[in-house]
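S.K.: If you want the building blocks of each chain, they are given just below.
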Amino acid sequence: MKELIIISGKGGTGKTSITASFAALAECAVLADCDVDAADLHLVLEPTIRRRETFTSGRAAEIREVDCTQCGLCETICRFDAIHDFQVDPLSCEGCGACVEFCPVKAIDFPEQDCGEWYVSATRHGEMVHARMHPGAENSGKLVSLVRQEARKIALKQNSGFLLVDGPPGIGCPVIASVTGADAVLVVSEPTLSGEHDLKRVLQLTNHFKIPAMVCINKWDINPTMTERIETLALSLGAKPVGRIPYDAAVTAAQINARALVEDSDGHAATAVRMTWSTVCSTM
Amino acid sequence: MKLAIASGKGGTGKTTLSCAIALAQTEPVCLLDCDVEEPNSHFFIQPEIERTEAVFSLVPKVDETKCTGCGECGRVCQFSAIISLGKKTMVFNELCHSCGACARICPTHAIEEVRKPIGSLEIGRKAGVRFVSGRMDVGVAMSPPVIRATLKHAVETELTLVDCPPGTSCPFVTAVKGCDAVLLVTEPTPFGLHDLVLAIETIRELGLPFAVVVNRANGEQNRISDYCAAENIPLLLQIPEDRRVAEAYSRGQALTTAMPELKTALASIPQQMKDLTEGRKEREAAACL
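Going line by line, the protein sequences match chains D and U. Sequence positions in the first sequence follow my numbering and run 1 to 284. Sequence positions in the second sequence follow my numbering and run 1 to 289.
Derived from the structure by calculation, the hints contain no laboratory data. Only true hints are included.
Distance condition first, Cα-Cα at most 27 Å in a straight line; then the derived DSSO-like pairs of lysine-lysine:
#1 D:LYS210 to D:LYS2
#2 U:LYS116 to U:LYS66
#3 U:LYS126 to U:LYS263
#4 U:LYS152 to U:LYS116
#5 D:LYS200 to U:LYS116
#6 D:LYS200 to D:LYS240
#7 U:LYS177 to D:LYS142
#8 U:LYS61 to D:LYS142
#9 U:LYS116 to D:LYS142
#10 U:LYS177 to U:LYS116
#11 U:LYS126 to U:LYS152
#12 U:LYS126 to D:LYS200
#13 D:LYS210 to U:LYS116
#14 U:LYS263 to U:LYS2
#15 U:LYS152 to U:LYS274
#16 U:LYS177 to U:LYS2
#17 D:LYS200 to D:LYS142
#18 D:LYS210 to D:LYS240
Could you put together the complete structure from these sequences and hints?
M.R.: Here is the structure:
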């Protein structure tokens with residue numbers, strides 16, 4: 001089983017659309033949506049939920065008003081500006097427990113936090129593990145690790161050829177949790193100054209964790225000169241360019257119809273995605 | 001006023017909109033790029049950088065001559081960032097949240113908090129725009145400390161625009177929390193609507209007033225305007241889908257250059273957000289009476 005993580009650095013470059021198409025092309029892959037903050041893969045793959053679990057992680061402080069002597073020590077200790085007027089703001093609380101530990105009258109509770117839910121579902125292109133964070137909840141990195149771990153269990157049990165992971169944007173903890181230990185990443189970039197800048201940072205990250213990287217350029221024809229520049233940059237950072245996908249209105253149309261692009265279209269973009277997938281397979 | 005420009009989904013136009021609003025103002029304005037994992041505002045503002053500041057976080061350093069290996073530090077740490085094994089105490093900097101509990105609890109005062117570099121701030125100016133961009137170092141996991149350092153550069157008297165990170169969890173909440181109002185930018189696709197709703201749920205938890213801007217509006221897809229109408233959410237502007245804008249963006253050109261006809265509408269957004277915020281305060285005050 002090969003595990004491929006689709007990431008992008010910059011958001012909105014087409015990770016989810018490409019993951020959905022790869023899912024259709026891979027036949028019997030196991031899928032994971034690790035963009036747990038803003039998960040969208042289910043909008044295309046329309047999963048039927050088979051198993052539903054609560055995700056609890058971390059704790060948050062709660063001051064018991066009846067026992068509080070209003071000494072103010074907790075407010076002084078808190079490094080996250082989460083305590084004002086002897087009340088904890090749950091959205092600011094980091095869950096470090098310093099106030100709980102040092103409260104002289106032990107008036108602060110520290111319950112576990114219900115951060116969201118995760119699911120194992122059936123889709124028309126294989127089983128999928130996905131999740132939903134509660135608004136403003138913390139520890140998305142831990143949830144990402146959990147989703148990946150569960151998906152990997154299923155992929156190994158089913159003896160699947162591929163585990164395809166739709167990753168989060170950025171380079172922070174959810175991305176690190178998504179890529180560590182993977183067989184390869186595919187970075188979906190776009191031919192813009194921002195795309196180039198963000199690609200460089202995300203490839204520095206994959207190099208830091210020694211994960212083989214490939215790069216494809218979405219909407220490459222918006223700026224062909226920039227596409228060349230990005231592919232040169234990718235090569236210089238040890239990542240292989242594996243495809244150029246042209247701008248095509250069929251991509252948005254597929255999303256609106258809750259279909260993967262390659263399921264319905266034989267247009268330019270769909271053909272390019274098919275070619276990219278075959279290059280990815282031969283590279284891995 | 002401190003105005004956050006945010007979105008659940010990435011790549012919907014936060015940076016485009018933040019920079020365009022900044023460049024459309026006639027009064028002085030401050031732009032803080034808080035998308036510290038992938039900051040891009042500098043491409044569109046092209047400021048002259050006057051200075052760079054390093055951003056640090058505090059991590060524990062154990063003095064082995066004083067450490068007795070009692071393990072109190074490891075017990076109090078919620079993040080498994082410090083562990084005592086026999087007489088040896090090990091620190092895992094990348095897991096540390098800088099809460100200081102280990103240093104405070106250590107009975108022999110063997111733990112000192114030292115600074116670890118995690119990013120930098122670029123501070124500069126372009127005409128009337130004061131510009132600060134936060135940048136997290138590659139390989140660092142937690143962005144909120146860099147975001148907080150960037151936000152410290154807001155000035156009460158000036159209009160401050162905060163270009164926020166995508167998503168709905170800690171980085172997004174850190175950037176949005178101290179703001180007076182939130183402008184959400186999205187695109188009229190199913191993904192755009194889905195992630196907008198998630199962002200709105202989070203902003204409602206924070207209790208902040210908000211409004212919506214649609215980017216890449218094509219006149220055919222009305223799911224965002226329909227949603228806003230049904231939820232009674234102000235929709236301030238629809239930026240039309242246009243290859244001109246996409247190509248200008250790819251070269252680092254601001255929206256105000258690609259579509260100068262939008263300048264008046266962009267210039268008026270901060271005032272509209274202010275009216276929205278004050279209107280809400282008045283309604284709340286009236287409700288209290």
